[in-house]
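*Asks:* Protein sequence lines, in the order shown, are assigned to chains A and B. Sequence positions in the first sequence follow this note's numbering and run 88 to 718. Sequence positions in the second sequence follow this note's numbering and run 10 to 530.
Calculated from the structure, these hints are not laboratory results. Note that the structure is a prediction, hence the values are computed from the model and not measured. Mixed in with the good hints there might be a few duds.
Simulated pairs of lysine to aspartate or glutamate, DMTMM-like, Cα-Cα distance not exceeding 25 Å [claimed, not checked]:
hint	chain 1	residue 1	chain 2	residue 2
1	B	K414	A	D208
2	B	K413	A	E307
3	B	K413	B	D343
4	A	K266	B	D140
5	B	K414	A	D210
6	A	K258	B	D520
Covered stretches of chain A, going by a simulated chain B footprint (3 or more residues, C-beta under 8 Å) [claimed, not checked]:
hint	segment
7	284-296
8	697-706
Calculated from the model, a selection of chain A residues having no Cβ within reach of chain B, i.e. all distances over 10 Å [to be verified]:
hint	residue
9	D303
10	D369
11	V468
12	E504
13	I610
Even for Gly, the Cβ is constructed at its ideal location relative to N, Cα and C.
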Amino acid sequence: MTELMPAEGVFSLIWLLIALPLAGAVVLLFGGRRTNSWGPYLGVLTVCASAVLGWLMLLAMLQNPPEERTFDQNLFTWVSVGGFQADMAFQLDQLSMVFVLLITTVGALIHIYSLGYMAHDPDRRKFFGYLNLFVGAMLILVLANNFLLLYVGWEGVGLASYLLIGFYQYKHSAAAAAKKAFVINRVGDVGLSLAIMLMFVTFGSVSFEDVFGAADQASEGTLNAIGLLLLLAAAGKSAQFPLQAWLLDAMEGPTPVSALIHAATMVTAGVYLIARSNAIFDLAQVAATAVIVVGVITVFMGAIIGSAKDDIKKSLAGSTMSQIGYMIAAVGLGPIGYVFGIFHLLTHGVFKAGLFLGAGSVMHGMNDNVNMRRYGALRTVMFITFITFAAGWLSILGIPPFSGFWSKDELIHAAFEESVLVGVLLIIAAGITGFYMTRMFIMTFLGKARWEDDVHPHESPKVMTIPLIILALGSTFLGMALLFWGDIESWLEPVVGFESKEAPLSTAATIGISLAAVIAGVIVAYVMYARRPIPIEAPRGSWLTRAAREELYGNQVNQVLVVTPTLVAAKAATSIDAKGIDGLVNGLAALVGAISGRLRRYQTGFVRTYALSMVGGAVIVVLALVLVRAS
Amino acid sequence: MSAPALVMAAEVQFTLPSVNYYAIAPILILFGAAVVSVLVEAFVPRGGRRPTQLVLVIGAIVAALVVTVDLRGTRLITGEGAIAVDGPTLVLWGALLVVGLLATFLMAERSVDPLGDAFAPRASALPGSEDEQQFTKRGFLQTEVWPFLLFALTGMLVFAAANDFLLMFVALEVMSLPLYLLAGMARRRRLLSQEAALKYFLLGAFSSAFFLYGAALLYGYSGSVNFVILSETLAAKPGEGTLVAVGVALVMVGLLFKIAAVPFHQWTPDVYQGAPTPVTAFMAATVKIAAFAAMLRLLYVSLGGLRWDWTPMLWIIAGLTMVIGSVLAITQTDIKRMLAYSSIAQAGFILIGVVAASPEGLASSIFYLIAYAFTTIGTFAVVSMVRNASGEATSLSAWVGLGKKSPVIAAVFSLFLLSLAGIPLTSGFVGKFAVFSAGIASGAAWLVVVGVIASIIAAFFYVRVIVLMYFSEPTEDTASVVIPSTFTTIALTAATVMTIALGVFPQWLLDIVEQAGVFVR
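One chain only, chain B, in its complex shape:
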């Protein structure tokens, strides 16, 4: 029986997939640079690695960005239906690249910590060991973070453009594996960092398994991994319910994990707290963009016909995510954990736009994601600068009276917090308003009411930090703000400018996301 099958296989003509290489050039540039970056680690002498890597990373991101801008207006599906390059993809690519560039600047920072950059000199050295001290003393740098960054960013770009389950799964892993490693490489508090990395890895692998199993079930149903074919199959045989429902649910679990929606959120505080702060900034800003991009495409392209099946589930998750994220943030005493819970709550707000399942919902979610990403980069940039003798001072008690000691940084941080709280004239307000009005227009008024109430609760803990900074006298525990190098300054300035600009003059970005239109199918 097996012999004819083999013969059959040999007779099948294998045709090369047709790929529009220019349309996916941003991915290829980053991927190529990542490969070169690995070679740099192997062949460039130690002293030259950091500058070489930096030039390579920044050059690759900028080149990819230039190509992305040049691709505007492109609307096609290539790679035998696996990759979709359309308006939303390009806008999200642009956002990922710009935010990734700012995160690169934060990771390149070496001035805030007297010992060097934010990463362990040798991740392999045992924490607290003699080796570690030697490596620190001799000024070793773990420059492998740069290829990790590039691979992760590559994965994210593919994730945002993937139009079938197989590619989406590969992208998910390409994006996640380097992040697990990066999370474990903090220079200070290494055990916490390694614990975070391990947790992130285990739970991430777990969630990937859900995703993969769900994708397999959907493949079993439609006979294809392609999103468009799945949606056509759904239209053709609407009766067969359970298989699809379980498949969709499991795939969604994988994605909901990545955006840190309740009840798949518990890794977030541990990982955000343990990871090196520049990595937290990178993760918090970009993973959210990439995962929401994937979720939006899956839901809008493939499962649009099932809209009434998945909206109730997402309503509940969005509501829970907003409320639980906001309520839990109130009692946090560590600034990074608080920001983690805040990011959980923010995911809930974005879900309102997602669940609206309309062009307005798409546009408003994308706007919110971009606004949130810039503000997040800014908040973590400030966190990385507020330090005491043992490193970053993330305990809120160290922020008491900071407004007196460093008025400008405290003011900038307050701006970010007000934006996260959604106070008018900041980007967060416009974002919230956009998703809320999309939510109401889609008929989920009660969800918006929950959202408004959650944002009131959230405002409370954001403002609590402002109160700590301004309404109290500095104590001896109060941390100081370290003057950073140009790298962090650029990232912080960009985040500040965008937070204000998207609050006062949001129209240009609203126009861009609106003109980006809907997903190609």
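Isolated chain A, as found in the complex:
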């Protein structure tokens, strides 16, 4: 059992990890035009400082034996009312440590990259302010020691994401995408807030320590309910089926945002939430199974969408959905899968950030065109981007020795330990991954140039390529480093648990089969896109391609199931209200007798109508009380 250590030494500065980027955000957002010139640098600096602090904490944490690596810092009691208490308190353990490093380090690199990418944007100060706000909120999310504070971070990253998706406000599509992300995320947030309420009712507390400590005393039904609500929350934030529709539209935001928020960090918050709540999911079989199902469905949806999109960012977004599906499926497996879900999350965070920034670098050179059909032959003109993108590509394919290989194969192997079906499905999806990533790679960097006339591709400035190179190194070596040198399994074991079972397939066999699937996908893509010319106009394609271009009709489903009914309800309610009051009340009022019969004819007068509705309401209230009293 791990014990809580007081936050001393460098750990007394846990709050500073969060305070630095937040302070940056405050200065940038409220400082006004004065901060235009130096503001962005301040933004970069605060996040870099947090990153340095994070690494120092890692070094300090390594000094302690594994069971003494959980540090608790209680700033003050936030809310205490009746039996309920929530503290402004942080908990740094092995799980949050890796997240802190991912968020601050990738965050710092993306901040630096943005200095170049956003150099000509008039609203750049605001951009860095929002980005800082995001980093601060994300750190609150992963460092909170109770669910209420986690919820604060959860809403905070949602807000920042929302502001950043809509950043190019002159584009109508960006504002629409921001609104969509907001609405869908609210659905997920309902899940989280209800889960928190239910935890409070069940355990009388919302702190991790109390909830997880007492989880085995709750009934399985309750735990399943909490688990399913948490899954709903995770699905919203991590763009998992059925709440996946916002992520592709979110690509309207600036590319560094897509890299940081919509690939590397925020969208993985759902994985964090489930891994963090492992004590609940271990005892809630139904919820855990649902997690696997949602994950596997999304793996395929994302991969299929990624295969059909010609927009490089949307294709990458589909890939992100799919890869997060892998992680969700892994954490649904229970103690067999938690560590590998997190492992894949870390490598994915790095290589996907690299891929997105690479895409941004390509767009930077192509006048912000995102259509891959107008790319091609960029390998020579953008050599650094080409090489770094290649590292990300090989990593996501899972080619040894790149990072993705280690994490994905461990993950698939773990899936086989639990269920052959899940393992097989994940291997098939790996094959599709091979296809769409290779397609993207070929369409962008190889083949013939299909550029538009006024485009003169060029390599990006150093401030952009250096983060690319660092992320490419990460895409190459991070997997090995975490597995062999970092020993990720035993590092995370104290927090999320770890066990392994006999798998029907040996490790070598798993690797062999999944590599074969990937290579098959690569070959198909090579045949289809490298051996044949790529038309500038997209061909009509098969029904599956067309469905995938339409994002598998997720938007249409939303429209029919959610948007239209809401609007109709609102319209109906408004028209009813304009006439006076609900027909129900009027109907009941009519029963009152002759008076109401007369009054109903005079409904044009507002005050009369209002008064009539009051009579109706009073009748209902009286009846309700009398009936209850009589029964």
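Take the given structure of chain A and dock chain B to it, following the hints.
*Replies:* Leaving out everything else, chain B in the frame of chain A:
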């Protein structure tokens, strides 16, 4: 037959009611000041009235506040059982006085409108007439608003402390009549304002009649107007149902009207929109506090034994209020109407705490009321500052791109909206969380689910305004933000500070409301 009765009456010794005057000193101070304020109107020359009135009003409110603070810990019933001064009363008095003071500042504002303050120079002049123009040109001020304010505030304090039906009814009228008048005194768009006042008056009178009739029925049942005696009678003869049920229902109708619960809500958008904005701010913040205070006392002290009779009714009303308020707000295009529907929805959220019928429910409702009141003052303060040539620009199309033109005010307004939506680290979140957990603890989990869903719907329209302000470029219709005087600045600053403070450090107020304990009986 009549003669002996008269003799009998003469023989009955009339004893003075024993009153603890210090315990009700806040009421007496305000009432006294209100009377003096009327005299000021009569005797002070026109030029000196406004400063005199302001000193009087602010002085009286501050003095009443000081006494209220000094009374902390008091727990007694005085005035022959008519007035209860206890922890909840004092906390609510304090809230009413502080919020009333901020509203006073908004009403005193003269810098945002080039023509003068928010009120008609002469309420009696016909709208659009020659007279009106003359009065405007000569800079007349309708300083009667100050005695109205003081009387209304007096009524509210009594309403929050009233422990019998008779006093509660008197307080209801003392509080409401000046508000009807204030609502009709807008300087701009006077016809709309007068229409609002008339509607408010007619419907308010109508609802008072319900209240009075219900009180009469309950008197017929228990033989007393006193809350405590009513609750004892209920315990003594539980069988006689219908009379009590009808009486309680009718009394509740009167109170539900004041808090703008569905289906007694329709006056709210019209009145909020038509009334001068500082009056809307005052009304929205304080009437809600006072009416909920009265409802809480009635339900908890007098009708606690009937809990299982009135909870189903209030469950339904709370659910309807949250959902209908939130849904209707979505399609509003006028910011004041939208805020009115929002206030309806908020009443529904507070009802969750009320219907919990537990000490936690009481404490959480009071916390929510206070948090809501400050945020409301802030929102309407901003509304009063966003103007174009014809006065306040309340159409949402005038708020497009405001974030570009006035980033600070847009940011502050966004903060208030986020608080109303219940986003964490704002006072609204803590309030919602408190009432929701009280609701769950009382077993009304489904109602909380409705509440959470309604708050999601509500978040949508709050955020829509933020989107309008930030995600669009200003158009030529975009209003400008007028720099206000110190008065509005103080109110706005206080509202901002409280909205953040109660979100990040809510504990002190939670402690206060918790220590206030339950109602004395």
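*Asks:* Sort out whether D210 (chain A) lies within 25 Å of K414 (chain B), counting only the CA atoms.
*Replies:* holds, 14 Å
*Asks:* Measuring Cβ to Cβ, find out whether V468 (chain A) lies farther than 10 Å from everything in chain B.
*Replies:* At roughly 36 Å from the nearest Cβ of chain B, V468 (chain A) sits farther out than 10 Å, so the non-interface label holds.
*Asks:* Holds or violated: K266 (chain A) with D140 (chain B), Cα cutoff 25 Å?
*Replies:* violated, 50 Å
*Asks:* Under a C-beta cut-off of less than 8 Å, do 3 or more residues of the segment 697-706 of chain A approach chain B closely enough to confirm the stated coverage?
*Replies:* Coverage by chain B holds here, the residue count being 7 at a Cβ distance below 8 Å.
*Asks:* Quick one: work out the minimum CB distance from D303 (chain A) to chain B and report holds if it exceeds 10 Å, violated otherwise.
*Replies:* holds, 22 Å
*Asks:* Within the assertion that chain B covers the segment 284-296 of chain A, do at least three residues meet a Cβ-to-Cβ distance smaller than 8 Å?
*Replies:* holds (count 3)
*Asks:* Do the alpha carbons of K413 (chain B) and D343 (chain B) lie within 25 Å of each other, as the hint requires?
*Replies:* holds, 20 Å
*Asks:* Minimum C-beta separation from I610 (chain A) to chain B exceeding 10 Å: can you confirm that?
*Replies:* holds, 46 Å
*Asks:* Test the statement that E504 (chain A) is away from the interface with chain B: the closest C-beta pair must be farther apart than 10 Å.
*Replies:* Label holds. Min Cβ-Cβ 38 Å, cutoff 10 Å.
*Asks:* Quickly compare the C-alpha distance for K414 (chain B) and D208 (chain A) to 25 Å and report which way the hint goes.
*Replies:* Roughly 19 Å separates the two Cα atoms, so the pair holds.
*Asks:* Does D520 (chain B) lie within 25 Å of K258 (chain A) when you go C-alpha to C-alpha?
*Replies:* This hinted pair is violated, its Cα atoms lying about 48 Å apart.
*Asks:* If you draw a straight line from the CA of K413 (chain B) to the CA of E307 (chain A), is it 25 Å or shorter?
*Replies:* violated, 52 Å
In the structure shown, a violation is registered for the earlier hints numbered 2, 4, 6, in ascending order.
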